[in-house]
Structures are given as structure tokens and as C-alpha cells.
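Residue numbers (our numbering), protein chains in the order written: chain A, 16 to 580; chain B, 2 to 192.
Don't read these hints as lab results, they were simulated from the structure.
Worth double-checking, as some hints may not be accurate.
Unchecked claim - Restraint ranges, calculated between C-beta atoms of paired labels, are given here:
1) Y175/B x G199/A: 41 to 51 Å
2) L85/A x T160/B: 31 to 41 Å
3) I41/A x F91/B: 55 to 65 Å
4) V168/B x K393/A: 33 to 43 Å
5) Q35/A x Y175/B: 30 to 40 Å
6) G11/B x K479/A: 55 to 65 Å
7) R387/A x G99/B: 42 to 52 Å
8) D36/B x E484/A: 26 to 36 Å
9) P33/B x S449/A: 24 to 34 Å
Predicted, not measured: the structure shown is a model, and the values here were computed from it.
Glycine included, every Cβ here is placed at the ideal spot set by N, Cα and C.
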Amino acid sequence: MLRKLFKFHGGVKPQTNKEQSTTAPIAAVPLPDRLVIPLHQAVGGHPRPLVQPGDRVFKGQRIGGADGSLSSAVHASTSGLVRAVAPAVMPHTSGLTTLSVIIEPDGEDRWGELDKVNYRSTPPDELRDFLRDAGVVGLGGAVFPSYAKLKPGKEGKLKTLVINGAECEPFITCDDMLMRERAGDMLKGILAMRHMLQAEEVLIGIEDNKPQAVAAVQAAIAASGQSGIEAVAIPTRYPAGGAKQLIRVLTGIEVPHGRRSTDFGVQCFNVGTAYSIYEALELGRPLISRLVTVAGNVNAPRNYDVLIGTPMDHLVRLAGPRADTDRYIMGGPMMGVRMPAFDVPVVKATNCILVGSEAMFPAPAPEMPCIRCGECAKACPADLAPFELYWFSRSKNFGKAQEYHLFDCIECGCCSFVCPSHIPLVDYYRFSKSEIWAREREKEAADAARDRFEFKNHRQEREKLEKAEKLAAKAAATREKVAADGATAPAPGSDAATPAKPAPDAAKRALIEAAMEKARQQKAQAAPKNTDQLSPDVQAEIADIEARREIVAKPAASPLPPQDA
Amino acid sequence: MFTALFVMTGIALVLGAGLGFASIKFKVEGDPLVDKIDAILPQTQCGQCGFPGCRPYATAIAGGEAEINQCPPGGEEGIRKLADLLGREFKPLSEEHGVEKPKSVAIIDENTCIGCTLCIQACPVDAIVGAAKQMHTIVASECTGCELCLAPCPVDCITMEPIAETVDTWKWRYPVFQIAPAALDTARQEA
Ligand code: SF4
Ligand code: SF4
Ligand code: SF4
Ligand code: SF4
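Only chain A is shown next, with the shape it has when bound in the complex:
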């Protein structure tokens, strides 16, 4: 190829260990007894369940509906009976559970009705909705909903569509096998993406340690007769499959810290994603299976076409795990994460199950102090200063870590790989990142609480004011009424010499009298209870008491008792 290629900064050359799993073709997996399909498998919102325990589902039936602005649907991987919709342990280091649909396959593997779409005649918005509901997400490991990336940007077209077939991480070969065996169909998916993005050129980057894949893709391109598409063999160097690194190698564009490749007219998709877009658009099949490499401590490493939700141990058993197996790692040795249990399900993010043992991955040597040798900075493909990030993360100085572009770290592990002091640097970065996210959530919550508190205070003030106003208005109304009454009645004793002063007095007195009158009337109205059917005895007693009251009340009512004088 005559194309001029560029170099990215840093990178390492670990042993690839890829040959073992590429000797045999992709194999199918017998149906397991039970599929556990987590509803939350992609970046973004949690899809809501659309089925209930006891429902019968078809293969490809939607069981989780996309929810929120960024979310992707989830489907039943085979036909069968929904046993439960309940939390189940997910393939995540934390060992936490997430809401999952548990399906008991009926063995028929029967598809429901499939909707196909002609992408050339369908408006882009509808295509994106279709892909969202087909559950298509990035299969390179980031599981970002693909529909959200299939937007051509402000100019209405894209300069370069980069297809990532680099697959730089050791042990993983699922993209390699996909390109070898399904290059033609994958290419159809790429053409659909090219159409949606209106991309001028398409570059398929493949590391040069996969000559068969390069040849297969080139043959498929030649067979399709399309122009402007090129499969490019790039030098093998980890992490050439990082999006920014691959873009750099193929186009020479250096995406600066904190920017996105789309700002430069480039968008990047994984080859597996291209294939599932083909399946969704041309076959109407939603994303219900993916290729998974089983490698490491097994007798026959191989790639399998696996239904989403298949328990990992069911899959690994086919490859013959050795007796001393004590761990599964999802992903490769550089970026993979350890699974909390053996029976966690395969999800859309599972590109590889690396079976491990103590002998194969011995515990790392104890961490020693950083000697500031700078090896990590030389190896960092994101052009960061890993040791500075390490110092700030270690001392929990998260603000500083962010200033040094912590969030541009792709957690590739190159720095830990080269560090002579065996510092688990990436663990520190992951810790820092999740602490920063937690703080941001707390900050948002605090700001919301402050607003609500201020609003409540404001509301209480306003209510108090309103109440006071209402009272004042009522008082004014009564006063007016009394004043009006006073004006119509003849005012006895009103003197021309002192007209101003007695008037308010009189008004006040009238007000009090009015209130007293009202109270008297109310009292009179409140008839005593239990006096309807009384015996003559009780009646007589009451009459007696009333008479006595009259006598007592009389002197009190008389004005100016003699003692006071």
C-alpha cells in the first residue's frame, strides 16, 4: 500500500498470543439451560423491562425498551419462557447486581417477525431510531449506542470514516476471525454507515499481524466494486486500536486533549459493530449475539458465536479449561477486568473471556516507590504524564489530576506495563475517575438541594406575607363596613370642635362591639346538647341553676360597682 501512515506517541509491544485461537473457525455454542440478559448493557440510560415472568418470547423479541435520550434496546437471544425479571450478578468487577431478564430456552430457537429496512430510501432519523431499537452498540468494548454516533455532524457530511479492525490487545482475535470469515457482510454494514454519515472515504485499519484478515477485506472490497474504501495494514503496536491512536495512524490527525474526533471530520467504528449494523438493516436481526474469544488457560482456545446472556462458564467449558483455573477476565490482559463469579453472562461488551490461573498470571510484584524514571510518560499513547497522575491520585488531589487530563487516559495499561516499580497505575486512575464522578454527582445533588431549600424559604415567606395581607384586607373591610354603619346612623354627641379624635375611637369601639355582638350571636346559636329528652327532675334542676346564674350575673353586669369607686 502506498498510503502514508503516521505514528502515535508511545505504545508498547506485549506478546500477542493470538495464534492459538485462530487455528479453528468460529464455532456455534449449544443453547444453555438459562440465559441471563441484563437490561443495562450499554452506555446511557437503563432500558425498562417489556416482559413479565411467565411470558413466552421469540428470538429477537425486544425485552428492554430504550429509555432516555441515550439508551439502547435489549432483545431475547432465543425463544423461550421468561422465568424472572430480577436482579442478577453482572459481569462487572464490583460484583453488584442489575435488573436482568432470565429466559429458559424452549430449544426451538424460533425468530419472531423480522423488520428489514432499506437504508437508501429511509430518512436518517428513522434509521437511527431503528438501530436504537435493534440494540446496536459499539462492540469494541465501549458499548456506546451506535445510533448516537451515526450523525454526520454540522456540515452534513464526514470526511473520513475509520473502521477499527486493529484489535491490538493480546489474546483477542474475534475481530480477526470476523474479517476472515464474514468480510463481505461486514462490508455491507460499512457501506450503510458510509451512507448515513455521507463519508467521503472509508479507511479500515488492521494491524499487520493479521495478513489473512487484510487479504479477506481487500478481496471483499474488490468484489463489491466500491471506490473510496481501503483496507490498510498498520504496524502492530499496542494500543493501535485505541480510537484516537488509530485515527492518528491512518489520517495523521492528532485529536487534542479534551476534543472529539468528530470535530475533525472523523468518526470511528469497530468492525464487529459494522457487522451487526448489516444484520440489523439487511436481515432485520437485532443484536442478540456476538463473537467471543475464549483464550488463556484452556486446551483449545477458539472464537465462538455466542448468544448474549449465555453464562460464561457454559462457554468456557467448550474450550476445555485446565484444572487450575481460578479466574475469568473479561477483555484482554492489558485492559480486562476480573469477573466476580464464573457464571456471569456474556454481554454486548464481552469481546474475550481470558481464562486465568495463578501460574499464568502470577500476582504482581509488590508496589515500590515511584523513582520518576519517566518510562511511563514515554509509553503513554495519550501523551500524558502518568507519574504525575499517579501522585495526584495517590494523594487524592483530584483537582490536580484533572488538570493533568486524567480523563484523556484510555486506561490502556501501557504505563503499568513498563513501570519498573510495578505500580498498578491504572488502578489509581480508575479510583480517581470514579471518585471524581461521585463528587460531581454529590455536587449536583447539593446544588439541587440548595435551590429547593431556597425555594421553600421563599415560598414560606411569600405565604406568610399573603396571610398577613389577607388579614389586613379583612380588617380593613370590617372597618369600612363599621364606618359606613356609623355614618348612616345618627352620631350622638359628635362635637364639631373635636371631630378628628373621637371618630377613630368611636370606630374602634364600634368594631369591638360588632365583634362582641357576633360572639354573642354565635354563643346563642350554639344550642346546648342533650337537652331534648330530659326527665322532669333534671329539667327542674336545670331551671334552678339557671335562676341562680341570673342572680349572680346581675350585680356583675351593673356598671361601676361601689368597691371600685
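With chain A's structure known, arrange chain B with the ligands on it following the hints.
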């Protein structure tokens, strides 16, 4: 000699005028220090610090009337941040004001609730919805966990539940405390 004096006086006058103008032109509304302190406080609005809310406490700190270690929800980290901001010495949380607890939300037992509205009046952030004689519910996402609604409830139907960790809120542990091996041992037994 005199020229020098004139020059110096002239400079002094010009700079003085400049400063005076700047102090008027760039006058900051409100008290920026109180805002900064308030931004650190957790906004639980629980009153454990002895003030009727976070902002009054912030004002008191800024005025030198309160210590920086009186806010239990803010915890040690909050005190550290305040110490950093104000250039004061770090102090452990003052015991008389309470202890740091895991973040919780209030839950109303909806079968016991008599709909008296007392909790609604107590809640500083309007996190409780309900009407007189109707069952009340707490909007968990708005609840700050201040516990102010517990005491007024005449039938004691409100309890505090610690917030469970989910995959979205899970945090990677500080590398020194590795928990993975323990989790895997149980996995091995199961397998
Ligand atoms: S490679 Fe390790 S020892 Fe060297 S500077 Fe980086 S962190 Fe420190
Ligand atoms: S893990 Fe992060 S800091 Fe380390 S080399 Fe990779 S990108 Fe750089
Ligand atoms: S103790 Fe803390 S959270 Fe509670 S009101 Fe005072 S400052 Fe706010
Ligand atoms: S519901 Fe209760 S605990 Fe929650 S914020 Fe309101 S008063 Fe505080």
C-alpha cells in the same frame, strides 16, 4: 529633588485614583467568602451544626463565629476542604454536633402514614409529597437525608435507609485495599 517629589506624588495620586475607581467598578455583590464556604457545605440543611441551614452556618464561619468542624454530613472531607479554603488547621468532627453516617434517604411506611402533613412542613427541601389525610411519599432523589422529618411524625412511620450502591454509583477502591481476591474465593467455592 522637587521633580522627584512631584513625580512620586503624581504617581501616588494616579494609582490611588485608579484603585479607588477599581474598587467601585469591580465591587462584588454579596459576600464571596460565604458563597465559597456554602459551596463546600453538603446542603443537607439538617441544622446539626446549630444553625438553621447550611448558608447561615457558612455566614457564621465567615464571620468567625463558628468552628469549621460542626457539620457531620460534610464529614472529614468537608472539614479538610474548609480548612484548605480558610487556611485554618484541620480538626476532627466535633462530637457534640454528631457523627458521620452513611448517606441515607427517608422512607415512609405508607401503610402506617395517617396523612397529617407534619413531615411535609418539616422537610427543608420539599422532598415529601402528599396532601392532608392522604398517604405521603418521599421523592428519594430529592431527599438529602437530613432526618428532620423523623421527629415530627406522630406515628413514627418514617425510617432512614442507607443508599445502596449500584453499578452507576460504584467506585473503584483505593488500590491498597484490594477486594477482588476475597470476592473470587466465594466464586471458586460456587463453581
Ligand atoms: S514508570 Fe513507574 S517509576 Fe517510572 S516514573 Fe512512571 S510511575 Fe514512576
Ligand atoms: S493507562 Fe492512561 S496514563 Fe497509562 S499509558 Fe494508558 S493512557 Fe497513558
Ligand atoms: S450540619 Fe452541615 S448539612 Fe447540616 S445544616 Fe449544618 S452545614 Fe448544612
Ligand atoms: S424527606 Fe425527611 S430526611 Fe429527606 S430531606 Fe425531607 S425532611 Fe430530610
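Tested hints:
1. Between Y175/B and G199/A the C-beta distance comes to about 49 Å, which sits within the given range of 41 to 51 Å.
2. With their beta carbons about 35 Å apart, L85/A and T160/B fall inside the hinted range of 31 to 41 Å.
3. For I41/A paired with F91/B, a C-beta distance near 60 Å keeps the hint of 55 to 65 Å intact.
4. Between V168/B and K393/A the Cβ separation comes to about 35 Å, which falls inside the hinted range of 33 to 43 Å.
5. Range check, Q35/A to Y175/B: Cβ separation about 36 Å, and the 30 to 40 Å hint holds.
6. At roughly 58 Å, the beta carbons of G11/B and K479/A sit within the given window of 55 to 65 Å.
7. The hinted range of 42 to 52 Å is satisfied by R387/A and G99/B, whose Cβ atoms lie roughly 43 Å apart.
8. For D36/B and E484/A, the Cβ-Cβ distance of about 32 Å falls inside the hinted range of 26 to 36 Å, so the restraint holds.
9. Checked against the given bound of 24 to 34 Å, the beta carbons of P33/B and S449/A, roughly 31 Å apart, stay inside it.
Checked against the numbered hints above, the structure breaks none of them.
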